[in-house]
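Chains as they are written, first to last, in the working numbering: chain A, 1 to 203; chain B, 204 to 406.
Treat each hint with caution, since some may be false.
Unchecked claim - Per the computed footprint, the stretches of chain A lying under chain B, defined by three or more beta-carbons under 8 Å from a beta-carbon of chain B, are:
{"hint": "1", "stretch": "34–46"}
{"hint": "2", "stretch": "65–71"}
{"hint": "3", "stretch": "80–92"}
{"hint": "4", "stretch": "128–140"}
As the list claims (entries may be wrong) - Calculated pairs, SDA-like style, for lysine to any residue (alpha carbon to alpha carbon, straight line, at most 25 Å):
{"hint": "5", "chain 1": "A", "residue 1": "LYS45", "chain 2": "B", "residue 2": "PHE357"}
{"hint": "6", "chain 1": "A", "residue 1": "LYS135", "chain 2": "B", "residue 2": "ALA400"}
{"hint": "7", "chain 1": "A", "residue 1": "LYS135", "chain 2": "B", "residue 2": "ASP306"}
{"hint": "8", "chain 1": "A", "residue 1": "LYS45", "chain 2": "B", "residue 2": "LEU305"}
None of these hints come from the bench; they were simulated from the model.
No residue lacks a Cβ here, since even glycine has one placed at the ideal position from N, Cα and C.
2 protein chains.
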Amino acid sequence: MKLYDGGRAPNPRRVRVFLAEKGISVPTELVDIGTLQQRTPEFTKINPMQRLPVLELDDGTRIAESIAICRYFEAWQPEPPLFGQGAVEIARIEMWNRQIELDLLAAIAAAFRHLHPAMKAIEDPQVPAWGEANKPRVLKMLTFLDGELSGRPFIAGDTFSVADISAMIALDFMKWAKLRVPEDLSHVRRWYAEVAARPSASA
Amino acid sequence: MKLYDGGRAPNPRRVRVFLAEKGISVPTELVDIGTLQQRTPEFTKINPMQRLPVLELDDGTRIAESIAICRYFEAWQPEPPLFGQGAVEIARIEMWNRQIELDLLAAIAAAFRHLHPAMKAIEDPQVPAWGEANKPRVLKMLTFLDGELSGRPFIAGDTFSVADISAMIALDFMKWAKLRVPEDLSHVRRWYAEVAARPSASA
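Excised from the complex, chain A in its bound form (with noise of 0.2 Å):
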């Protein structure tokens, strides 16, 4: 089994935080989007979505998508539980991180390759007008967060969850699209420093 790995890419960090919570350590291999290396012919063959991270099992499948190789290691050892037990859970977590990755996660995303000048090559063509339309989008996002973490401590009930993790590296990639979580934010922020906190996102 072996990792291709894509280093501080919000993605591939999505896939270590899940295994170092899991306490799972897989063999990686690095491949450098700094210079495009997941573009090359040689990287195609091996995600022709040119994507990081791509999951390689020893009988030769790929798997590609982070949340897919999440759940692949989800299924092979169940413990603990990153996607929930039980119809109603796994259901909620579900809801929860599609609306992490659909309100949240992709918003940031458009304003920084839309914005970003060393985004022209990857986003072709940027439309400086969709990474705009999308800034107020995470800010909204982040509002209605807040209200739903003054009543639980995590996004998506009483227990971690990888919809958790989803929401890290959503704030963290924030950065990189120069956009910070209000100040006032006061349950999106208590929920930041606890999960920040976890020695898994460090990896």
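With the hints as your guide, set chain B onto chain A.
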């Protein structure tokens, strides 16, 4: 249990097709997206994201996001499995469902929401340049899928899965965005004819 349904929009239909494949019948309440009923204060209490569908359980728990609702029913009634069984199949189906969503459904949705005059009230601001930028992405993904489907019957492998449902609703959504599957993508057309002929497709 009650399903707040959104009629002919892609995500409500995704859940109805999934339920039809499972042979599950759920009482539904139609929310009229034509008159923006999902944006009323009443419905915003049911789903603050103002999106459909939403599943309401007997204890009042509400599950939004179509794939989260599908996962609820997959856990509730595992047969026939539409998210896979075993770590590798689960991961492969999740990978394909994600790639269909990210690289096909989201691109079609962007072309529709940012270019169609009727979407002005929903997508604010519309960014036509972003809608146009997504059109070639749709074609690129369809062309990639055509190569994949030359070697296997279904999107994620030898069996029908939720990834086929996502891809079918994506292709049907193309009409709304005034996009067409090119005639020469014969494998995509063969696959589509097969999944569209299943009884579930009329759900």
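Here is what the structure says about each hint:
Judged by the Cβ-Cβ criterion of 8 Å, the stretch 34–46 of chain A is not covered by chain B as claimed, because only 0 of its residues qualify and three are needed. With 5 residues bearing a CB less than 8 Å from a CB of chain B, the stretch 65–71 of chain A meets the requirement of three and the coverage assertion stands. Coverage of the stretch 80–92 of chain A by chain B holds [criterion: at least 3 residues with CB-CB distance below 8 Å; count 6]. Proximity of the stretch 128–140 of chain A to chain B, defined as three or more residues with a beta carbon under 8 Å from a beta carbon of that chain, is established by the 3 residues found.
Our distance criterion of 25 Å between C-alpha atoms is met by LYS45 (chain A) and PHE357 (chain B), whose separation comes to about 21 Å. Under the criterion of a C-alpha separation no larger than 25 Å, the hint pairing LYS135 (chain A) with ALA400 (chain B) is inconsistent with the structure, at around 43 Å. Taken as a hint, the LYS135 (chain A) and ASP306 (chain B) pair is honoured in the structure, with Cα atoms around 22 Å apart against an allowance of 25 Å. Proposed proximity of LYS45 (chain A) and LEU305 (chain B) is supported: the alpha carbons are some 20 Å apart, at most 25 Å.
In summary, the structure is inconsistent with hints 1 and 6 from the numbered list given earlier, while agreeing with the others.
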